[in-house]
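Protein chains in written order, with the numbering used here: chain C, 229 to 343; chain W, 114 to 229.
Hints were generated in silico from the structure; no laboratory data involved. Certain hints may be false.
Stated by the list, open to error - Cross-link-like lysine-lysine pairs, in silico, DSSO-like; alpha carbons within 27 Å at most:
id : chain 1 : residue 1 : chain 2 : residue 2
1  : C       : K301      : C       : K335
2  : W       : K179      : W       : K154
3  : C       : K306      : W       : K177
4  : C       : K283      : C       : K306
5  : C       : K298      : C       : K335
6  : W       : K127      : W       : K154
7  : W       : K179      : C       : K283
8  : W       : K168      : W       : K179
9  : W       : K133      : W       : K154
10 : C       : K330      : W       : K179
11 : W       : K168      : W       : K154
12 : W       : K133      : W       : K177
13 : C       : K330      : C       : K283
14 : C       : K338      : C       : K301
15 : C       : K338      : C       : K298
16 : W       : K154      : C       : K301
17 : C       : K298      : C       : K330
18 : C       : K335      : W       : K179
19 : C       : K283      : C       : K335
20 : C       : K301      : C       : K330
21 : W       : K177      : W       : K127
22 : C       : K330      : W       : K127
23 : W       : K179      : W       : K133
24 : W       : K177      : C       : K338
25 : C       : K306      : W       : K154
26 : W       : K127      : C       : K335
27 : C       : K306      : C       : K335
28 : C       : K298      : C       : K283
29 : C       : K301      : C       : K283
30 : W       : K177      : C       : K335
31 : C       : K338      : C       : K306
32 : W       : K168      : W       : K133
33 : C       : K330      : W       : K154
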Amino acid sequence: AQTVTQSQPEMSVQEAETVTLSCTYDTSESDYYLFWYKQPPSRQMILVIRQEAYKQQNATENRFSVNFQKAAKSFSLKISDSQLGDAAMYFCAYRLQGGSEKLVFGKGTKLTVNP
Amino acid sequence: GAVVSQHPSWVICKSGTSVKIECRSLDFQATTMFWYRQFPKQSLMLMATSNEGSKATYEQGVEKDKFLINHASLTLSTLTVTSAHPEDSSFYICSASRLAGEWTQYFGPGTRLTVL
């Protein structure tokens, strides 16, 4: 069964600094998708960034970028120029391509941004 | 685009009553909708997957007779918590995948259920 591990229950960063959140996953499949979702105090899940496993190029979305290492099964999220509004729970998720569309979530990392 | 709504956002009910939660995709047709449950300070736990016009697929350990799911159209799925008890109190979140080849799930804002 696929599993997703986020080893950092909590992280903190100073405003305007850069922080990296870790995520590793376990799968025997070669075609899959990876996601980072943000859940602020409102509890609305917001898609931050997504990556298709067949793409070697790391995905970027403005201040958010990933370091996707397929062989190492690692998918870390880098947040640059951190802002107070980035404070939230961040969940890493895995989805197999084809078949079930189920997402497998990690346990989350709580990010605090200090002014 | 890709907006998912849930109604109600918050509900309080008495033990033994049933509660219905609606999930709607507002600007797209959803091939599949998902229902999650989230306990405080924890991750999302998938309860069931539903496709329009067919029976929902429940995850292991989820009581299908307690959590009734109806996916009536490509834009609406409902979750009914039957004979609710205090232990059913939780945050329920739905999500939807778009029809046209999109492989991303878009989430609703969630419903907080409190059973007294």
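Hint-by-hint comparison with the structure:
Under the criterion of a C-alpha separation no larger than 27 Å, the hint pairing K301 of chain C with K335 of chain C is consistent with the structure, at around 17 Å. For the suggested pair K179 of chain W and K154 of chain W, the alpha carbons sit about 24 Å apart, so the restraint of at most 27 Å is met. Under the criterion of a C-alpha separation no larger than 27 Å, the hint pairing K306 of chain C with K177 of chain W is inconsistent with the structure, at around 40 Å. A C-alpha spacing of about 18 Å is found between K283 of chain C and K306 of chain C, which places the hinted pair at or below 27 Å, so the restraint holds.
Between K298 of chain C and K335 of chain C the alpha-carbon distance is near 21 Å, which keeps this suggested pair within the 27 Å criterion. The hinted pair formed by K127 of chain W and K154 of chain W meets the criterion: a straight-line CA distance of about 25 Å does not exceed 27 Å. Restraint check for K179 of chain W and K283 of chain C: not satisfied, since their Cα atoms lie roughly 42 Å apart, outside the 27 Å limit. A distance of roughly 15 Å separates the Cα atoms of K168 of chain W and K179 of chain W; the hinted pair therefore holds under the 27 Å criterion.
The suggested pairing of K133 of chain W with K154 of chain W holds, with an alpha-carbon distance near 24 Å, which does not exceed 27 Å. Taking the CA atoms of K330 of chain C and K179 of chain W, the gap is near 21 Å; set against the 27 Å cutoff, the hint holds. Straight-line distance between C-alpha atoms of K168 of chain W and K154 of chain W comes to about 31 Å, which puts the hinted pair past the 27 Å bound. For the proposed pair K133 of chain W and K177 of chain W, the alpha carbon gap of about 14 Å is at most 27 Å, so the pair holds.
With a C-alpha separation of about 21 Å, the suggested pair K330 of chain C and K283 of chain C falls inside the 27 Å cut-off, and the hint holds. In summary, the hint linking K338 of chain C to K301 of chain C is supported, as the alpha carbons are separated by about 22 Å, within the 27 Å threshold. Straight-line distance between C-alpha atoms of K338 of chain C and K298 of chain C comes to about 25 Å, which keeps the hinted pair within the 27 Å bound. At most 27 Å may separate the alpha-carbon atoms for a hinted pair to count; K154 of chain W and K301 of chain C meet this at roughly 26 Å.
A threshold of 27 Å between alpha carbons decides the hint, and for K298 of chain C with K330 of chain C the separation of about 20 Å falls inside it, so the pair holds. Distance check on the hinted pair: K335 of chain C and K179 of chain W sit about 26 Å apart at the alpha-carbon level, within 27 Å; holds. A hinted pair counts as satisfied when its Cα atoms are at most 27 Å apart, and K283 of chain C with K335 of chain C qualifies at roughly 25 Å. For the hint pairing K301 of chain C with K330 of chain C, the CA-to-CA distance comes to about 19 Å; that is within 27 Å, so the pair holds.
The straight-line distance between the Cα atoms of K177 of chain W and K127 of chain W is roughly 21 Å, inside the 27 Å bound, and the hint therefore holds. Only pairs whose Cα atoms come within 27 Å are accepted, and K330 of chain C paired with K127 of chain W is rejected, the gap being roughly 32 Å. Distance hint between K179 of chain W and K133 of chain W is fulfilled; the C-alpha atoms sit about 12 Å from each other, no more than 27 Å. Of the pairs offered as hints, the one joining K177 of chain W and K338 of chain C is violated, with about 32 Å between alpha carbons and a cut-off of 27 Å exceeded.
For the hint pairing K306 of chain C with K154 of chain W, the CA-to-CA distance comes to about 23 Å; that is within 27 Å, so the pair holds. Restraint check: the Cα-Cα separation between K127 of chain W and K335 of chain C comes to about 31 Å, which exceeds 27 Å; the hinted pair is violated. Among the hinted pairs, K306 of chain C with K335 of chain C is consistent with the structure: their alpha-carbon atoms are about 18 Å apart, no more than 27 Å. The straight-line distance between the Cα atoms of K298 of chain C and K283 of chain C is roughly 10 Å, inside the 27 Å bound, and the hint therefore holds.
Of the pairs offered as hints, the one joining K301 of chain C and K283 of chain C holds, with about 14 Å between alpha carbons and a cut-off of 27 Å not exceeded. The straight-line distance between the Cα atoms of K177 of chain W and K335 of chain C is roughly 25 Å, inside the 27 Å bound, and the hint therefore holds. A threshold of 27 Å between alpha carbons decides the hint, and for K338 of chain C with K306 of chain C the separation of about 14 Å falls inside it, so the pair holds. Taken as a hint, the K168 of chain W and K133 of chain W pair is honoured in the structure, with Cα atoms around 17 Å apart against an allowance of 27 Å.
For the suggested pair K330 of chain C and K154 of chain W, the alpha carbons sit about 21 Å apart, so the restraint of at most 27 Å is met.
Checked against the numbered hints above, the structure breaks hints 3, 7, 11, 22, 24 and 26 and satisfies the rest.
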